[in-house]
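These are the residues of each chain, in order.
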Amino acid sequence: SAVISQKPSRDICQRGTSLTIQCQVDSQVTMMFWYRQQPGQSLTLIATANQGSEATYESGFVIDKFPISRPNLTFSTLTVSNMSPEDSSIYLCSVVPAGGPEAGELFFGEGSRLTVL
Amino acid sequence: AQSVTQLDSHVSVSEGTPVLLRCNYSSSYSPSLFWYVQHPNKGLQLLLKYTSAATLVKGINGFEAEFKKSETSFHLTKPSAHMSDAAEYFCVVSDTGFQKLVFGTGTRLLVSP
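Sequences listed follow chains A and B, in order. For the first sequence, the numbering used here puts the final residue at 117, and the numbers step up evenly by one. For the second sequence, the numbering used here puts the final residue at 1113, and the numbers step up evenly by one.
Be careful, since some hints might not be right.
Within a straight-line C-alpha distance of at most 30 Å, the following computed DSSO-like cross-link-like pairs (lysine-lysine) qualify [to be verified]:
#, chain 1, residue 1, chain 2, residue 2
1, B, Lys-1100, A, Lys-65
2, B, Lys-1049, B, Lys-1069
3, A, Lys-7, B, Lys-1100
Since the hints were derived computationally from the structure, they do not count as laboratory data.
In isolation and in its complexed conformation, chain B is listed as follows (with noise of 0.2 Å):
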């Protein structure tokens, strides 16, 4: 069974400082791996996604994400925050392409000034 585990609930940086969010997965297949923000009474953005191309997987707005098997960890970076990146970050597995999606429990990234 395929599961995610977000390690930080809540992240605090300073803008113009690095984001690391954190995101460790298991699965018995090769998975496909998302990262999805949510803003404030907002749907759900596609930030990034890996699917067995390049494992270094570059996303919109500067968020990047490395897929490290042997780790089984797929973590989201950013060199430098800003106040706009403020938001619920999902980290997501998936087995069966978009049939069956796994999310993690969130990571509520806060930027101060």
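Bound-form chain A, shown alone (with noise of 0.2 Å):
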């Protein structure tokens, strides 16, 4: 299955600094998005990344407060900016591979746990 690597995979962090999150795919993917998942609760979307333009946020969700970055077919980043103890989450990268056995199925990262204090 395509490989997905997420840094950091958990981090602590201070109240109004902001951490930016990698994803890295092992092969082109066509589609990318941002998950986040709260404590005890289930996913949500955040945004669809995409390649070469802004991405698509859903409700809830604002541009200044998740930027996020598609450079290329493979890699993405998502940043959460000015981060309070409400943001305390794990966030999952997922993606849908370009082609091979597996293109049209949808992968996750194993998430970044992060803790806001």
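Each chain sits in its own coordinate frame; assemble them with the hints.
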């Protein structure tokens, strides 16, 4: 299956700071998404990362708070800006491979566990 | 608008007994339905998916699910639980392919020896 590497895997941050999470895939993908999983909760889609253009955000999520980049077909970043304790969550990158037997499937990274003090 | 309801937050079974995780959905169109599993400190793994082909869908690790349009249900079953099945299971619905997945709140499966 597509190998998705997320960095950092976990971090503890101070209130008011920003953190950038990286998502690297070992093969080209057609679509990349960012999800949030708050403690004890289900997953919520933050945005679709579009290559070479602005991400498409879901209701309740804005670019100023969660800027996203996707410079190519295999890499994306999500920044959590001006963090507060409410941002403590697992942030997951998910992708749809472009070709091969896994084309059309959706794969998830292992997530980045963020704790904000 | 699409939504999904997982009827049980926790299910406990003994090893070797059947597993039933219940899921009901709401969708305006012909939905795609998925079951994902999340083991502790691991990413999500696709168990199976329904995309308007056969209504009985077989997945990995002996799991299967049946799409019942009349009941708007997509329950996950396994004939015999294994200790390694202990995890969080998410039922997911989408009207638009992968563009917008809507996750249920999850069911934690506990398997006792």
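Okay, the hints, checked on the actual structure:
This hinted pair checks out: B:Lys-1100 and A:Lys-65 have alpha carbons roughly 20 Å apart, not beyond 30 Å. Between B:Lys-1049 and B:Lys-1069 the CA atoms are separated by roughly 15 Å; this keeps the pair inside 30 Å, and the hint holds. With a C-alpha separation of about 24 Å, the suggested pairing of A:Lys-7 with B:Lys-1100 holds against the 30 Å cut-off.
Hint compliance for this structure: no hint is broken.
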